[in-house]
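S.K.: The primary structure of each chain is shown beneath.
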Amino acid sequence: MTARKWDKVATTVLYLISIFIIFVLAFLLLYILISGLPHVSWHFITGRSSSFEAGGGIGVQLFNSIYLLVLAMIISVPLSLGAGIYLSEYAPKNWVTSLIRNAIEVLSSLPSVVVGLFGFLVFSINFKFGFSILSGALALTVFNLPLLTRKVEDSLQAIHYTQREAGYALGLSRWETVIHVVVPAALPGIITGMILGMGRIFGEAAALIYTAGQSSPPLDFSNWNPMYIASPLNPMRSAETLAVHIWKINSEGIIPDATQVSAASSAVLVLFVLLLNLAARYVGNRLYGRLTGVKERK
Amino acid sequence: MNNDEIRASLLKRSRASKNEIFGKVISGICITIIIGVVVSIFYFVASKGLATFFTDKVNLWKFLTGTVWNPSTNDAQGDPQVGALPMIVGSFSVTFLAAIVATPFAIGAAVFMTEISPKLGKRVLQPVIELLVGIPSVVYGFIGLSVVVPFVRRTFGGSGFGILSGTFVLFVMILPTVTSMTVDALNSVPRNYREASLALGATRWQTIYKVVLRASVSGIITAVVFGMSRAFGEALAVQMVIGNAMLLPGNLISPASTLTSVLTMGMGNSVMGSLSNNALWSLALLLLIMPLVFNILIRWIGKRGAMH
Amino acid sequence: MQNYDSSDRYLKNLDDGNREIALTTDDLHVAYGTHEAIHGVSLGFERFKITALIGASGSGKSTYLRSLNRMNDNIAGTKVTGKIMYRGLDINGDNIDVYEMRKHIGMVFQQPNPFAKSIYENITFALKRHGEKRKDVLDEAVERTLKQAGLWKQVKDDLHQSALALSGGQQQRLCIARAIAMKPDILLLDEPASVLDPVSTATVEDTLMELKKDYTIIIVTHNMQQAGRISDYTAFFHLGDALEYDETRKIFTRPKIKATEDYVSGHFG
Amino acid sequence: MKKRLIALLGLTSLLVILSGCQLKQTGESITAVGSSALQPLVEAAGDRFTEDNPGQFINVQGGGSGTGLSQIQAASVEIGNSDLYAEQKSGIDPKDLVDHKVAVVGVTPVVNPEISVKNLSTDQLAKIFSGDITNWNKLGGPNQKIVVINRAQGSGTRDTFERWVMKGRSTMQAQEQDSTGMVRQIVASTPGAISYMAFPYVDKTVKTVNVDNVTPTDKNVQINKWKIWSYEHMYTNGKPTGLTAKFMTYILSDTIQDEIVGEMGYIPIKDMKVSRTLAGKVATINE
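Chain order of the listed sequences is A, B, C and D.
So that you can map any letter, position 7 of the first sequence is 7 in the UniProt record's numbering, and since no number is skipped, the others follow by simple counting.
So that you can map any letter, position 292 of the second sequence is 292 in the UniProt record's numbering, and since no number is skipped, the others follow by simple counting.
So that you can map any letter, position 57 of the third sequence is 57 in the UniProt record's numbering, and since no number is skipped, the others follow by simple counting.
So that you can map any letter, position 126 of the fourth sequence is 126 in the UniProt record's numbering, and since no number is skipped, the others follow by simple counting.
FYI, nobody ran anything at the bench for these hints, they're computed from the structure.
Nothing here was measured: the structure is a model prediction, and the numbers come from that model.
Backbone N, C-alpha and C fix where the C-beta goes; we use that ideal spot for every residue, glycine too.
Hints may contain errors.
[Claimed, not checked] Some chain A residues close to chain C (C-beta under 8 Å, calculated; not the full set):
| hint | residue |
| --- | --- |
| 1 | 92 |
| 2 | 162 |
| 3 | 166 |
| 4 | 169 |
| 5 | 176 |
| 6 | 180 |
[Claimed, not checked] Covered stretches of chain D, going by a simulated chain B footprint (3 or more residues, C-beta under 8 Å):
| hint | stretch |
| --- | --- |
| 7 | 57-66 |
| 8 | 146-153 |
My request is simple: use the sequences and hints to build the entire structure.
M.R.: This is the structure in structure tokens:
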């Protein structure tokens, strides 16, 4: 066979592989949506879950998921940004740094159940946070930090050294240069990392079972004082998230419509991740534009 | 500015240098916190996991090579039955198989995204891959249970639960990670390599195969190894499809178990501090050490790659 | 490359009381780890003149230039000994604020490196960071520096466009504008025209001739003609030593040592 | 950017500090943790309790009987739920723990609906789970390999099943699942599968089997004709006080026992005609 023919064959194979991957995702998505969406209704999305009768909703769980996601991101984004900056800009290049980098990477492939138990013993019991949103958010942070830090460091490293020199030569400190020049330029990569992190957090169950807990006490949506026990904002209340809910009704749930509820919850979950993806991408592009002055011509 | 003013300004500590200290402190605090987290997890898992050997006096060799896992009962010699070999074998089997299946797909997709059609790649494949990461492992597990397991049962016989099903599920789960890291590796091959090759009359495929892939071998291996350590630590989804029988797997379609599946199942049912619980933590310790080994492997490959 | 005797050198001492000296280096050594790249260079630079540093690749001229505003600080393992005197102070001294110093000794690099920001932001960013908040002052700085850099006419309607959309030559002139917006005392240029086409190069050269009225300029260049066209003084570097330093006219017509003659006549390098 | 960063960091620490001050929190709550089988029951009761007593919360967590017992022993929660007597669990010192039996639950063997076998003797069941019988045709069923699905080691349901069926015989290594939901799903979809589960979880996707010609019904459990059953325990560390005591009384009240416990498929304690001790001694309860 000639080189040109090989080229054709290889290109075809590559196209097929790509189509296959898209097909796999399409299948997964369609499977989830088709089996779940018919059961999704406004009542389902906003309603209270039930512990043993049919017809429960996922309102509280959905709210909990979002609240936990926001809290975990508020804690982990600045931390990972700082740590990523340190590793990329300040850390001396020696074995200690590479050990730290290694350890962080190992942490990122730790089974989440171990993170969950760690969170349980440390946050829930030692710090006396109990089964609470706070414990959950901290456990998610532990879970999310390594990946995010690595992504931040990689994205910063991808920005060419001359950008930094430009800043230094103007009498700017390294910190200013990083924060105002390098980070904005690296933003698309960092945003991607954050999207992936958010997706992972949103779907995480094992790390939350022992930390944020599995019960969803009725919330009083008219009282937003974070100190009131039934307030949605109270970080000390126990909170079951959507992913935990799916896990729970499938494992020990005795509601008669468990299959439908879990299918519908999965559909909502995946749709939400999809939405998050789009939103983060949009916000990221806008932010990138604002910080770098790269604006669309009107 | 006159001479004296400039001299004075040079000798004064500027806002920028204060700012620099501020930055160093802030980012230093962040990294310290993360190191703190890392160290405490390591300490935490190690202290509990090692208790099996130091407090409960289990023989390490027996632990690694024993084939019976039944911590609540003792064997003929009166030692607790904590043989982790079936799980170790199970974990490694699914991990390696998933990596073997995923690698060609990941490389193919990455080559497509970087070399064949960057536009389609960025518009279609990249979001697709990011979305795949976002699907929670619970959902993967249930799809595995309702689609993969019956498929394997019908096609290959057996109950459908086993290493093969686990491999399929893990394959889809690590594909995005390996692909996106491979994309990074391919992108770091300088553009002029490609141009030089094409200018010499090589076809696109020859360029990809002989130049681009060769130049990024160490990056691709890193991606695969990283995917493997992901697969190694995955729990919920694998647990649902592998069958969780603590038997040495004889074939790919009989129920087997992995370190994570046994760990996840057993944790809630054992009492903190008891031998059954400590033995589970020893499994967790193994899980922690294994990615470390994978990591050292990555570094080693990276170094060898750098030498070429 | 031929080895020349580095003891055979002629360095003109400008510090004879007739001229105003902006910066001197005294027995400057620069080492990266165990490798010494500069072996004790002592030169003085006259104020409001252009001094060119010439020499083959690896002669150490860029390293030397980069140590003049301590850009090498950021490269791990760099060790600088000897003195760099600016306004009677050694800029490597412990009591010197490096950021403040760099405001006075600006730098333009070989590769144009505009920030991924708008043209306007590129110029005003550092000013703002250094505390200038008045909009009219910033606007004025943008217009003045862009005019000085010969870029104003081309970009005055697109000030809020991304700088990355400019051509290479325009980017480099933007970088010059950005550097002089700080009103530095001394401007260091590291082969600023090496990646530019002849037209852009000519514009940049014109810009430099224009700037010399207000700034002391030290420029590293590969291009003999360029050094001949724009500089008042030229220093010839060879293997980490400055072998000859004199008025450009003299260097190009009557070099005092063999190595310089070989280099400027194109026998090596 | 920097300001925003500082603001974020500040907010975070503020949140941590604020939430550390639990004293300021208004409302009252206790936590019950443990057995996942008991979880839906306590949760439902807790919800009802909060409706009747606004501002008083019962947090109910699963995690397994082992977690429940070790947490109540460490007194880090108010109530520990367990499918087992604390005495049965190794590593637990039961002397400070107070047992509250809140319900009874029966455990029944279940098989894939395709299997026609209707009755098994205890001995046959034991032989299936020990691996001595491997094909349904030995039991009057179709020529089909038996797929044994076990619960995870240490699970309360498995303990109950092994105690009253296996009677000391050891089970073979087989598939294990850590939740009833998974077991049900697998039994329903795997040909030749057999497992066991608590009564409340049985639905039409799986088939129950009579044991020694006794049908698995609540009535048979109440008179101990159906032997495979256990108490559901809620342990407190010492005598319950305050909200805990109030909730324990609430959950044992007739309303809750009838409307929630009974409704969910558990057997209310008050309906039991017999009692059974830890050692297995059965006595008739005289009204």
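S.K.: Give a verdict on every hint.
M.R.: Results of checking the hints against the structure:
1. A hinted interface residue such as residue 92 of chain A counts as satisfied when its beta carbon comes closer than 8 Å to some beta carbon of chain C; here the least separation is about 7 Å, so the hint holds.
2. Hint status for residue 162 of chain A: holds, given a least beta-carbon distance of 4 Å to chain C, under 8 Å.
3. Hint status for residue 166 of chain A: holds, given a least beta-carbon distance of 4 Å to chain C, under 8 Å.
4. A distance limit of 8 Å between C-beta atoms decides the matter here; for residue 169 of chain A the minimum to chain C is near 4 Å, and the interface restraint holds.
5. Residue-level restraint check for residue 176 of chain A holds (minimum Cβ-Cβ distance to chain C is 6 Å; threshold 8 Å).
6. Restraint check, residue 180 of chain A versus chain C: the minimum CB separation of about 7 Å is within 8 Å; hint holds.
7. Remark: the stretch 57-66 of chain D is confirmed as covered by chain B, as 5 of its residues place a Cβ nearer than 8 Å to a Cβ of that chain, reaching the required three.
8. Taking a C-beta to C-beta cut-off of 8 Å, the stretch 146-153 of chain D contributes 3 residues in contact with chain B, enough for the three needed, and the coverage statement holds.
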